[in-house]
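A.B. asks: Using the UniProt record's numbering, the first residue of the sequence shown is number 1, and each one after it goes up by one.
Derived from the structure by calculation, the hints contain no laboratory data.
Quick reminder that beta carbons are idealized off the backbone N, C-alpha and C, glycines included.
Some hints could be false.
Label-pair distances were calculated between CB atoms; the ranges are [as the list claims (entries may be wrong)]:
{"#": "1", "residue 1": "Gly109", "residue 2": "Gly224", "range": "25 to 35 Å"}
{"#": "2", "residue 1": "Glu154", "residue 2": "Lys57", "range": "53 to 63 Å"}
{"#": "3", "residue 1": "Ser30", "residue 2": "Thr200", "range": "47 to 57 Å"}
{"#": "4", "residue 1": "Arg20", "residue 2": "Ala219", "range": "56 to 66 Å"}
{"#": "5", "residue 1": "Gly227", "residue 2": "Gly80", "range": "49 to 59 Å"}
{"#": "6", "residue 1": "Phe84", "residue 2": "Tyr195", "range": "33 to 43 Å"}
Straight-line Cα separation of at most 27 Å, DSSO-like style, residue types lysine-lysine; simulated pairs [said to hold, decoys possible]:
{"#": "7", "residue 1": "Lys57", "residue 2": "Lys74"}
{"#": "8", "residue 1": "Lys222", "residue 2": "Lys129"}
{"#": "9", "residue 1": "Lys94", "residue 2": "Lys29"}
{"#": "10", "residue 1": "Lys57", "residue 2": "Lys29"}
{"#": "11", "residue 1": "Lys74", "residue 2": "Lys94"}
{"#": "12", "residue 1": "Lys129", "residue 2": "Lys215"}
{"#": "13", "residue 1": "Lys104", "residue 2": "Lys94"}
{"#": "14", "residue 1": "Lys94", "residue 2": "Lys230"}
{"#": "15", "residue 1": "Lys74", "residue 2": "Lys29"}
{"#": "16", "residue 1": "Lys29", "residue 2": "Lys17"}
{"#": "17", "residue 1": "Lys157", "residue 2": "Lys104"}
{"#": "18", "residue 1": "Lys129", "residue 2": "Lys230"}
{"#": "19", "residue 1": "Lys38", "residue 2": "Lys94"}
{"#": "20", "residue 1": "Lys215", "residue 2": "Lys147"}
{"#": "21", "residue 1": "Lys17", "residue 2": "Lys57"}
{"#": "22", "residue 1": "Lys157", "residue 2": "Lys147"}
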Amino acid sequence: MPHVTTLSDVEKAKEAKPSRPVRVAEAIKSLVVAEAMKPGDRLPSETDMMARFSMSKGTIREAMRILEAQGLIKTRTGPGGGAFVHEVSRDRAKALLGNYFYFKNLTIGDIYQMRRALEPVNAAFLAGKLPATVLRQLEEITTSYDKPAQSAEEERKQHLASLRFHALLAEQSHNPLLGFIIDFMVNLLADITVYRQLYTPVNPELRNRGSDYQKRLLAALKEGDAGAAKAIMTAHMETAWALMGNQEAIALSRFLPE
Numbered sequence: 001m002p003h004v005t006t007l008s009d010v011e012k013a014k015e016a017k018p019s020r021p022v023r024v025a026e027a028i029k030s031l032v033v034a035e036a037m038k039p040g041d042r043l044p045s046e047t048d049m050m051a052r053f054s055m056s057k058g059t060i061r062e063a064m065r066i067l068e069a070q071g072l073i074k075t076r077t078g079p080g081g082g083a084f085v086h087e088v089s090r091d092r093a094k095a096l097l098g099n100y101f102y103f104k105n106l107t108i109g110d111i112y113q114m115r116r117a118l119e120p121v122n123a124a125f126l127a128g129k130l131p132a133t134v135l136r137q138l139e140e141i142t143t144s145y146d147k148p149a150q151s152a153e154e155e156r157k158q159h160l161a162s163l164r165f166h167a168l169l170a171e172q173s174h175n176p177l178l179g180f181i182i183d184f185m186v187n188l189l190a191d192i193t194v195y196r197q198l199y200t201p202v203n204p205e206l207r208n209r210g211s212d213y214q215k216r217l218l219a220a221l222k223e224g225d226a227g228a229a230k231a232i233m234t235a236h237m238e239t240a241w242a243l244m245g246n247q248e249a250i251a252l253s254r255f256l257p258e
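Construct the entire structure; sequences and hints are all you get.
C.D. replies: Put into structure tokens, the structure is as follows:
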């Protein structure tokens, strides 16, 4: 019996073979790597690209639009213009990756499962290795929520400040991938905290215990005690997981019928 081509077959074929602009965009990225190009370096002209890849002007332009949307190149018009290699910023990378998780309905448990695994490792490595300027920044952050919040808005600000403590540690990581993942998770948690209003009702225990853990962690980091830093961060993540989980449950109950 002859095979009948279906819509599913067509879709599979499309998935198996990327479009010409996508293939050219990938080839341009390979070119950048092969020629060890750096941010700010000029890419070959459109005419050169057409000859190099044997593609039409429209295909080359669409490939460049793809790369620019990804933040990998910047184009300038006028004298001295053209297409230039561009380094994707940390914030842009987090925003692009955040779009992927936008519809994943992540829970507090999902995020803290990862934080519990990764942040203690980072804390242990950073013990005794943080510059004085960073230690002062961390200390300043902890003092910003020394006093209990008097309103939901103040509680929101304290929540975000406490997460900034962890983001700053992530920025100091010796491992760029580890640091980025931790920073990304902290950013996700900050977004979830705000749009799900997990800062209400005001939770004194969450502030008190979190502040205590962070101050003890800061002391261990200053003293260079990797074992203590890891243990404190682990306990901090486990406690925060439970307390933030309760906040999440309260938030979800607001949408349940009475």
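A.B. asks: Looking at the structure, which of the earlier hints fail to hold?
C.D. replies: none
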